[in-house]
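Protein chains in written order, with our numbering: chain A, 1 to 549; chain B, 1 to 275.
Nothing false has been slipped in among the hints.
Stretch-level coverage of chain A by chain B, calculated; a stretch enters the list once three of its residues show a Cβ under 8 Å from a Cβ in chain B:
1. 19-25
2. 34-42
Under 7 Å between C-beta atoms, here's a sample of chain A residues computed to sit facing chain B:
3. T16
4. H67
5. T68
It is worth saying that the hints were derived from the structure and are not from the lab.
Cβ atoms here follow ideal geometry from the backbone N, Cα and C, with glycine treated the same way.
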Amino acid sequence: MKPSRISCLSGTGIITALLTLMIITGVGLARGGVLFSPGDLNAIPKDQPLGGVATHAEIGGRCAACHTAFWEQELMADRCIACHNNLIQMGQNFHVVMLAQSKSLQCKHCHTEHRGALASLTTLQMERFPHNDATRFSLQSHQRNQDGSTFQCEDCHGADFAIFQVNWCLECHLEIEGAQIESHAAVYSLECLACHDGLETLGRGFDHNLTSFALTGEHTTTLCSDCHAGAGSLADMEATRVECAFCHNHDDPHAGGYGRECEQCHNPQDWEDIAFNHQQTAFPLLGAHAQVSCQGCHQFTSLQNTPTTCFACHAENDPHEAQFGQDCATCHTVEGWDKVTFDHSLSAFPLTGAHTSVACTDCHLNNVYRGTAQVCQTCHVQDDIHAGQFLQDCAACHVTETWEQVNFDHSSAAFQLTGAHVDAVCSQCHLNGQFVGTSQQCVACHADPMYHQGLFSQNCDSCHNTSAWVPATFNQAHRFPINHGRRGSSCSTCHPSTLRDYTCYGCHDHNRANIESEHREEGIGNFNNCVRCHPTGREEEGGDGGGDD
Amino acid sequence: MHTRTTNRELWYAVIAILCISAAYLFVVLWYEGIPRARGLFGHSIGILGFLLMLMTETLYSLRKRSRRARWGRMSGWLDFHIFTGLVGPYMVLLHTSWKFNGLAGVVMLLTVVIVVSGFIGRYIYTALPRTADGAEIEASVLETQINSTNTELNAWLLNSSEESVRSLARQLSFQSPQSQSPLRLLFGRTFDDWRYRLFWRRELKKLGLQIGTQIEQLNKLLQRQRALQRQMASLAMARRMLALWHAVHIPIGMALFAAAFVHIIAAIYYATLLR
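Turn these sequences into a full structure, and let the hints steer you where they fit.
As structure tokens, this is what we get:
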């Protein structure tokens, strides 16, 4: 069976561990702390014994002489002072100053022991000495010299590290940063510690963006002294005004005319990049106004008092010479002078038809708008193709849509248009644009057809009417019964080619084969001229013989 | 049966020790001196070394006794135990900055003792026949394996046409280690094996035989037979010695850790906290 606990916790194991602890305790009690071999204590005697001993080596092995138990309130520093109380009783000295400035600073931060009988008791380690707490000046940025060597106390304090002269800053930093630090000192004085605390909070690594005034654009390359001129302390720096005009008043090209709130239009990236939102003002910039430079309207005068009437800016380029007063917006828009929105229907001459798309200047010559004549002839005299036949009253026939759309009431003329004449084009009757004096005779337009064979006069209307040439009505004497066989409604039934010729074969049973057959039976050979034997169309008129012609 | 034929953990330990030594040398050259025990490097290597030693002391033992969790093979844990048991003490040695006085010196001395003890324990441990998982094999199983090997060897001898080889095999096969004392068999097995290999090569050379597949097969059979017979003969002694070793090794380890804890607490209290 496997054992239930690990082998090191066996009886012998536990007993051995306890035995070992007992031995260690016993040796510790008998020989003191030497068991821990902490290293030899300093054995260099001082001028006078302190705490009953001349050297620390004399208390070797008595750990409790310096070290405290964890349950004790007292610290090792208290035990140091218990012997070295002369350090705080000698008036104002380095240790008194240090201990007074920093509550957390303890002896062990600068002094150490157990490093050998002849080793120095002071081994100030930069990273351990709380220079920041003790002096309010951090050594974070003073770790290495320019040549890379480790920074030493002597570099700032000289031979006596209890002394510090502020102008020693300048000695080093003039070598490092040259003329820049010289001008910096000239502006801000030599009291370096008034602003700098060694943490670079106000030096090269200072992040201005962590303040209430973040540096952007051109401000990032501006010298500190340009804004903080004359500031001699951190308080002065912090009290620097943040209003633009505080620094930029002297180079205000507006001479104060636009007020002191530069940031309303400008930004630190570029003065020329103006980002003022004019839309939020009482005069939003629309159309062509959006492209106009500020000076185009504001003329370096006060921004707030700029007039908003059109004429304030556009009076000198009014082409109408004040014909329409000063309210340009009545006709024009901000999109452009050409974009005119005048409602001509409100005028005495409303624009209709083709007039609506005509440029204003076509009618209003020389920019004269008032008093423009309203008669057609004023503008259209050169368009009159009638050569003045109708005087100036174009509107009597024409409308504004197109010239071609004529609206003449022919019923008012001497020649009334009826029948097919209504649909006739004017120019079919009025040749060559001649309207006045046009003949009213039919033959003036209609030539006598070949069909008539000159049988009739020029009075077409004696047979025809204006509705159509066919059918015609013939009311004159006709030798052959015109209603023969009740087929007389159309001349072409009997006169298919001309009125002078006739045929009987155009109707009922008068076909040539039958006629020929019937006449041959009767012995009639000459039967071509029907009306010679049948003058009224009756069959019996031919008699019983007939004869040859 | 599982016989430990590789020393993988020892090689890993050697590589780790070489790497640590290189780092140590780099620090020595960089700072132009032996790194102090209280310095960053000295402290770091001491802490790491101690943690490895603590793992050595506890992990393998816990795995052996865990009834439910079967994480990994026992042999693997033993390899890790040996690895940490070598690398950890080496790091602690470097932490001392080569000063061995006081309690720290005692701790270091105990560390060296426990490492040496560990080597002895491993030597005894590997004398016991085990399965692939590291579990011990009982004597009856071992006897079966011996019989099986003998049968295999006899069959090989019957099939062999070379009289000289059969003679050599019989000669070596009959050199039973059972005639020696169990203690001698247990601790002298490395020497015996070395002497056997020497004899084998010499005889082969004398007979003018080349090492071929058949000869190598014979050699393996003879070695297996020899190892099994030796394990059988020294089984009881090996078990007794391993128990005795445990009885000594564990108290030394406990003494070491008790002293080490006192050293660590004192170092933290006096050096780190500077009370």
